[in-house]
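Student: The primary structure of each chain is shown beneath.
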Amino acid sequence: MRNQSRLPIFRYGPLAIRTVFTVVAVLLSSLVIPATSSAVSLTGESSTYLQSRQTGDGTKELPLYEYLNFSVSDLGKESISFQFGGWLRYELKNGDADHRTTNDLSYAYLSYRNSVANTMVNVGRILVFEGVASDRVDGVYVKTDLKHNFGLSAYGGMPAETGTDLAGNKNIYGTRLSYQSPGLYQIGLSYLKEEKNSEQFRKEEGVDLWVKPVAKVELMGKSRYNAINSAWSDHSYFLVLGPFSKLRLSTEATQINYKDYFTGTTSSVFDLSKSSIDPNDKVRILGEEAAFKATDTVSVSLDYKAYTYEIAGKASYYGGKIAYSSARTVGAGLSLHKMAGETNKLKYDEYRIYGFRKIGHTEVTVDALDVKYAEAINDVKDAYSLTLAAAYEISPSMKLGADVEYSKNPDFDKDLRTMIKLTYLFDTAKTGNKAAAQGAPKAGTIQQAMAAPLTEQGKPKEGN
Amino acid sequence: MRNMTIKLGFLLLLPVLAVVLVACAQTASMAARHPVEVEGWPVCSECHTDGRAAMDHTADFGKRHKFYAQQNQQACGICHKESFCSDCHANKDELKPSDKYKDSPEMSLPHRGDYLNQHKIDGKINPAACFPCHGRQNNERCKACHR
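Protein chains in written order, with the numbering used here: chain A, 20 to 483; chain B, 84 to 230.
If you're looking for bench data, these hints aren't it; they were derived computationally from the structure.
It cannot be assumed that every hint is accurate.
Calculated cross-link-like contacts (lysine to aspartate or glutamate; reagent style EDC-like; alpha-carbon spacing at most 16 Å) [what the hints assert, rightly or not]: (1) Lys-207(B) with Asp-300(A); (2) Lys-149(B) with Glu-271(A); (3) Lys-207(B) with Asp-290(A); (4) Lys-357(A) with Asp-389(A); (5) Lys-391(A) with Asp-368(A); (6) Lys-203(B) with Glu-361(A); (7) Lys-231(A) with Asp-133(B); (8) Lys-207(B) with Glu-361(A); (9) Lys-231(A) with Asp-139(B).
With these hints in hand, go ahead and build the complete structure from the sequences.
Tutor: Below, the structure written as structure tokens:
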């Protein structure tokens, strides 16, 4: 089922969103192509993917994806900006007219930031992370620092969710009040309420905490209370110790009460009464990870996680990995993990080895993953995949890549997937008009580097 | 009746807003963008001594990043673009993050390889780990089997 958002643009569906994309394209053209001296700046990225794949019933598909995100800053005032992110898919080979295209608006909002008190107002489709909230909302989000180290945030609107069949109106709102002693601790109290068809769908209250009492000791976590069931749904806390010389220890303690945690879902997957999982079960998770930086280029880590259920028994997941990375031009990794559930059906061993090398403007990657199931699935115990990828940096702002993935698993005897990827970065703020026309942002800035997801070493890979 | 309730709600909000405005701190806001260019991965503690010092992006930071985001999303935005979050925290994406970044195997991304079968085991061991991403969002493909 499609998103039931009430904002007019979403109500009118794909056509309206395509129109928005068209308007966006026009906006981009008007901003990038002319050599304007306007203070307005535009930064963003276009990623185009062409993927060849096969579905479980043997149907071959050739979808073309366009992911576009951009930020228009300094709109009139330096403190006003517009953020946009979304994607379109067009199936080139298969599919009837109704299913050939689809799209999603990830976020699109106008943002105002005040120069004092970290006051911020966002209006549009926004992603809210505030205490118990981790929600996409079509509405308003406001945040400000108060006097005496207090802070306040609030949001409200229509929840942007997928897969809901619940009819009627829906709304979501919430708030978080925080107090901090900078550098020492921060504590937050948060509240969230979501209604569907004028009935309570979610009502959550929470406490979040971050404490650093002394150097090399950091405790953080969150407890959430299900106010509809009047019970704590989950507690999740991390204790980080170190670094001690080259060693860092990270301890996780989590408790989840299934009955109170899996509420307010829009998917039947999490209706545990229809699954083999007992909906009244509770799980305690204790985990430990020791990371050792052996040299500037080599890191080793060991991790262990123990699951103790009130009803289902016990399980554990443990293993280790070793990674090598040098000057972001060459790297390799090896990891071994074991999942040990209560029965053979819940056991597997996972092996992974990868390597990458950058030579000049060219990057080459190889990645092999093998999963050995303790009990065969569709008569297959050994599932593996081998991926080869290569990319060429056409210019500082444009990169062309391709990858091939061959795999054998319980669903496919032989599965071959390919993908071609073209990324284009544009940034008029940093590069001036001439460079903007070439779409060339400055290399090496933190903004650019952090536009890429983190590596396992926490290091953004160059060129993404 | 409902409209009246909404109007009353707005009227009650006005004095609350007034109180908030009066109570607002007068300290300078944090920078919208990081003022200093940083090469490579950030070790925030090299310069910062307040809460930001804890945001060193160490190897295990990915597992803990949610705690920092829920307390101070603005700090994340100094360096990260919103698309950085939505690459994984998607509403109804069709491409797995690990498919988008196959050329970056060192990234810690979920669902590599044959995850279709693996998820049947992981989902039973810890279904709560699936819930934050698939409980209310990005679950259209789940319906293909979970009807």
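Student: So which of those numbered hints doesn't the model satisfy?
Tutor: none
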